[in-house]
Amino acid sequence: MILGLISWARKRSPWIAHFCTGSCNACDIEILACLTPRYDIERFGAIVRGSIRHADILLVTGPVTRQVRDRLLRIYEQMPEPKYVVAVGTCAISGGVYRNSYNIYPGVDSVIPVTAYISGCPVKPENIINGLSFLLKKIGESE
Amino acid sequence: MSLESFLFEALKIIFFPGFVFIFILALFYEWFDRKFYAKLQNRVGPLYAGPLGILQPLADFIKLLSKEDIVPKGVDKVLFTATPLFSLSLSIFATLLLPIFSVKGLLSFEGDLVIAVVLLTFLCIITFFAGVASYNRFSIIGAERSFLQLIGYEIPLMISVISVALNAQSVTISSIVSSQKGLWYILGPNILGFIVFIFAAQAELERIPFDLPEAEQELIAGWNIDYTGRRLAMFRLAKNIELVFLCGLAAALFLGGPLGPVVSGYEPILYTIYFIIKSIFVLAILTIVRALFARLRIDQIVSLSWKYLLPLAIIQFLIVRLMI
Chain A
1 MILGLISWAR KRSPWIAHFC TGSCNACDIE ILACLTPRYD IERFGAIVRG SIRHADILLV
61 TGPVTRQVRD RLLRIYEQMP EPKYVVAVGT CAISGGVYRN SYNIYPGVDS VIPVTAYISG
121 CPVKPENIIN GLSFLLKKIG ESE
Chain B
144 MSLESFLFEA LKIIFFPGFV FIFILALFYE WFDRKFYAKL QNRVGPLYAG PLGILQPLAD
204 FIKLLSKEDI VPKGVDKVLF TATPLFSLSL SIFATLLLPI FSVKGLLSFE GDLVIAVVLL
264 TFLCIITFFA GVASYNRFSI IGAERSFLQL IGYEIPLMIS VISVALNAQS VTISSIVSSQ
324 KGLWYILGPN ILGFIVFIFA AQAELERIPF DLPEAEQELI AGWNIDYTGR RLAMFRLAKN
384 IELVFLCGLA AALFLGGPLG PVVSGYEPIL YTIYFIIKSI FVLAILTIVR ALFARLRIDQ
444 IVSLSWKYLL PLAIIQFLIV RLMI
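One line per chain: the protein sequences are A and B, in this order.
Note that this note's numbering numbers the first sequence so that position 47 is 47, with each residue one more than the last.
If you want this note's numbering, it's the 1-based position in the second sequence plus 143.
Since the hints were derived computationally from the structure, they do not count as laboratory data.
By construction, the Cβ of each residue, glycine as well, lies at the ideal position given by its N, Cα and C atoms.
Any given hint could be a false lead.
Going by beta-carbon spacing under 8 Å, a handful of chain B positions derived as facing chain A [as the list claims (entries may be wrong)]:
no., residue
1, N185
2, V187
3, E297
4, G372
Stretch-level coverage of chain A by chain B, calculated; a stretch enters the list once three of its residues show a Cβ under 8 Å from a Cβ in chain B [to be verified]:
no., segment
5, 1-8
6, 37-43
7, 123-130
Quick partial rundown of chain A residues pointing at chain B, CB under 10 Å, derived from the structure [claimed, not checked]:
no., residue
8, P14
9, W15
10, V48
11, N100
12, N103
13, P106
14, D109
Turn these sequences into a full structure, and let the hints steer you where they fit.
Right, dumping it as structure tokens:
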């Protein structure tokens, strides 16, 4: 019963931290649009937290460059368990138009484990909400 | 003391109006605050956790309890562990002074209003130690800001409380409440003091426009940046209980506390209902202030409290002094 309660609480209270690995800011603006009255992801209990120590879900936008890889790893290791990573946008999934460039890793999942991918260039806020609800369903199944 | 009365007292402390009741009330107030704040911004707010999202604070609390507990390298381990406990226990102790189900609180003694004001300062000092204990550059700046804020709002808060005490000729919460049987002090001469108290309470709770100690855009999360899991859950719960305490104190000092028209025989139930309605009225004012204003700079906060709040509080004191 206690495990069920914890699983319910984790599904209902996803706190988000947002990390930009060098994107063009389009995806970042769409993430911010999710907080506005039209989309309002606080319905799911999601709050955007500044501190990575408070967060459950890391939203990564943009292509992972060699410069930012160490910082991304450090941010990831500072998160408390259980933690989930979401790659937001084509650049974060595969490198996008920068793929095969000499200083770009092919996607976030080549650096840290990723649970959900949200596609689009830039992603639509509806798509982010869809990805978030998919992730929450997955959290419930894995418990 | 016989066994029955001992059991009755124990039940009072544990369930109503003791720990369990205060815990439920704290979570309910946080939900009301978030939901009303969202409505003021034309959003929906928490929706899916329980009916109308009423279980959202509970979900946050349980989730934080179940998360990994990280103690970073380089923190002061004793303070890092002790400050969440101190903050929670002091805020619960403060709430026991509130007159919830009768004119007297669960703890009631001569001069308990002084203890209530001292506990507010202690909670702020604990915030400072919590920030300093984690040795993070952002948390130390946040801790310093919470102290700077304290020298701004503490004196107007105390003077507004003192003028209520002068009006009632007593520093005991229960006799201040029972002296408001005829006229509430907010309708009497204490309206200025109520305004000062609301702003000072907002600063004490570190909410917008006085949320400098945890200013998200500048300091990431301020003084609680390194706290995870259980410790963060305790700090959040302590903040919510402090919210209950300040709303309840404002209701008790200015709005007549639990007093209201009663049917004889049902006094404890009716008193509790009146008390909750009045403190939610105060909470709604606090939420509207949070939604209306933008964050002030630290120098603006100190000059606001010394240039405007302190003269208002002194005028209030003089009005009460002249009327008696």
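Hints and how they fare:
no.: 1; hint: N185; result: holds, 4 Å
no.: 2; hint: V187; result: holds, 5 Å
no.: 3; hint: E297; result: violated, 27 Å
no.: 4; hint: G372; result: holds, 6 Å
no.: 5; hint: 1-8; result: holds (count 3)
no.: 6; hint: 37-43; result: holds (count 4)
no.: 7; hint: 123-130; result: violated (count 0)
no.: 8; hint: P14; result: holds, 9 Å
no.: 9; hint: W15; result: holds, 8 Å
no.: 10; hint: V48; result: holds, 9 Å
no.: 11; hint: N100; result: violated, 35 Å
no.: 12; hint: N103; result: violated, 28 Å
no.: 13; hint: P106; result: violated, 30 Å
no.: 14; hint: D109; result: violated, 22 Å
The structure is inconsistent with the numbered hints 3, 7, 11, 12, 13 and 14, although it conforms to all the rest.
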